[in-house]
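Novice: Protein chains in written order, with the numbering used here: chain A, 1381 to 1869; chain B, 75 to 422.
Watch out, some of these pointers could steer you wrong.
Claimed, not checked - If you only want the chain B side, here are some residues facing chain A, beta carbon under 7 Å, derived: (1) F102; (2) A105; (3) A128; (4) F130; (5) A134; (6) H171; (7) S213.
Think of the hints as simulated: they come from the structure by calculation, not from any bench.
Glycine included, each C-beta is placed from N, C-alpha and C at the ideal position.
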Amino acid sequence: MWRARDADPAAWDLLLHPRTLDLFTRTATLAVAVTAVGAVVAVPLAWLTVASDLPGRRLWTVALCLPLAVPSYISGYVLLAAFGDGGLLDRWGWPRPDVYGFSGAVLALTASTFPLMFLSCRAALASQDPSLVEAARALGRPPGLALAAVSWPPLARARGSSGLVVAFYVLSDFGAVSLLQYDTFSRAIYMQLEGAFDRSLAALWSLALVAPALALLVLSAVAARRGPQARAGRAATRRPRPVALGPWTAPALGGCALIVAAAVGLPVAVIGWWAAQGGRGGALLDPALTSLTIAAVTAVVTVVGSLPLGYLAARSPSPAARLLERVSYAAYALPPIVVALSLVSFGIHVASFAYGTLAMLVFAHVVRFGPLALGTSKGGFAALSPRLGEAAASLGRAPLAVATRVALPLLRADLAAGAALVFLSVMKELPATLLLGPIGLDTLPRRIWTAAGDGNFAAAASPALVLIALSSLGVALTLRHERAAEQAA
Amino acid sequence: MNAPELIVDGLEVRLPGASAPVVEGVAFTLAPGERAALLGPSGCGKTTTLRTLAGFERAAGGRITLGGRVLAGPGIHVPAHRRGIGYVFQDLALFPHLTVADNVGFGVPRTAAGRRAVDELLALVELDGLRGRLPGQLSGGQQQRVALARALAPGPGLLLLDEPFSSLDATLRDAVLAHTRDVIARTGATTLLVTHDRGEAMAFARQLLVMRAGRIEQAGDPGELYRAPRTRFVATALGAANLLAGEAAGRSARTALGVVDLEREADGAVELCLRPEALALAPADGADAGTARVRVVTRAFRGASTLYAVEGDGLTVEVLAPGDAPWRPGDTAALIVRGAAAVLAATP
């Protein structure tokens, strides 16, 4: 905001410049397309894995969540490495589809985001009280119609709210669109910054990007508040009888297999093939260690910092505490490229002594991923009954002893989960690492980014495999944490 | 152990966000070793009173003195961990990460004497064999005993119990209550139980405090309060009550049910309380001319007894009859008043 003020007055006209409008149209088109394609893929899959008798439903569910572990810039890299110039098909001299620009960006981003919608729709269907369907049938609806009448509203709500999240992801995405050379706000901002053409123009575009991003977040918050309708009466423990697919079983299995092959099989095969080619990528150990160190330091700092904030957020009813919590979430609610840009400005103008240092990069990560740790800490404190502290006090224990002997042991799992989430997010973070890291910093994402951008697909393969393996852990952890939170609720 | 005396005087408590005080002008004294219960409907301020005694809430006015030591008063607020008051929570609040023995030992020093105290209490609540278990592995009744032992382990002079039996199912509740009463009696601690269950309160307490809207409405021996409630609220809080108007003259009054004896002297228009067991039904044709004739409206058979609702002269009253009473809805019977009626103060 403050960067934008410095812009030449004429630059304000640029906000209405054809280029700005063009970027807006391109960004919005991409968001709509990814959300729409994602819904077409996710809704039937959710229904199949929850409500039907599809063989191997649990296995399909896990397989369909796996793409969450592939950061979008790796999806982009996979498309290039398979279909791009110098990619697999090119090498073999086969005809290949054009993956540069819009179509490639849609494919890469859909592959990375459809599991979000899939999970959300699944949760909506699975939390349905089966007696609702039975009630609809008892009131005279035939089975198919009863199911549709009862399942459709929560499904539509889940699709809507997760669609907003996906659209936000698309607005924020930097890696895939940059690799596949589709201009969106994020990519244009980065090009302006790296080319050092005009920082103020980048700032203006950031504003233009923040507005729709915030609108999406507000919308999804509203949607979440309307939330799942409260169940009337006791929660049913029974599972409904799955719908028999009959002759449709084979096509359904084929569809699932196709999606899994495209979203999981293809990346693994392509990266694996390139990794087997070897290449002059250099030793992996150094960048891996650098990434590990940065991620570990960030994780420790955020978790320690999240303790007082999480306590206040969970316990204090005061408006000041609520405001503090909202503000600390703000950075997570902004597109990462915008956060990185504002910290670049901050570094140049205010904290020039820190600009371009590792400390600055860690600070950027703490600001951006702090909310992950805050979320788990707050959840932990909220689940911790205030009675336990009172019980310890009535047994003669002073507040410090209450914290070390009761609170910390009980929060351990939540704190560990928060630290792990931050750690894994930092491991694969790209834009801030590119813009704020010291010159010559060698991390895994940087190495993938540079190699993929240069068409050196073999050199990017091994770091990509390591990152995917690491972020699979993160996905498993997030899913487990959410399931635990659901059960506790 | 020498149990201390608890004196509460003019206690006032305000909670954040509420304009009116939740507790106002509460005053009572518990003699050393007294076993008392605070009875009232939910939201009446009884749990807030208890939490203020423990030091979890701050008193806005009044004074709390335990064994001569002022715990709360003008400018004084002794924090909970320095009060030496045992507390059993409604949800028990056992530390889920500690074993039974560690839970019970949480408030005692790790010395030979402390360990001995834990052993004694575990034996007293009959949990010796489960000392290595985690709370999650225990039944509801066992968890309740751990909570009691934990609160008693540091040897508190005053023990506060916040609805500790409400999470137990009805069949278990009587046995646990009796056991709790015995364990507390052996330690000799002064005890205050908070509950909304009148059966629990009357079975547990030697002194009963009935609370309404932040104030204590009547206090005394449970039997006395049941027999002679002074307000309509206390009358209905302690059991089924037939409320009826009467014209009193000395120790008797004229009512729609005929002339009834009174618990205390009164004159003029009064409101009376007659318990259902103070009434009886008799065959209509054998009765005196002076007794009221009533028609049976409903009948609820309860095994040992049968509860009737009967109607006569536009007045409906409940009558507790023996289990084998023969009347059916629609029958006519004579209504006999067997006991004395309590005279209620005119209530707003």
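Novice: For a quick check of understanding: which of the numbered hints are violated here, in increasing order?
Specialist: Failing hints, ascending: 1, 2, 5, 7.
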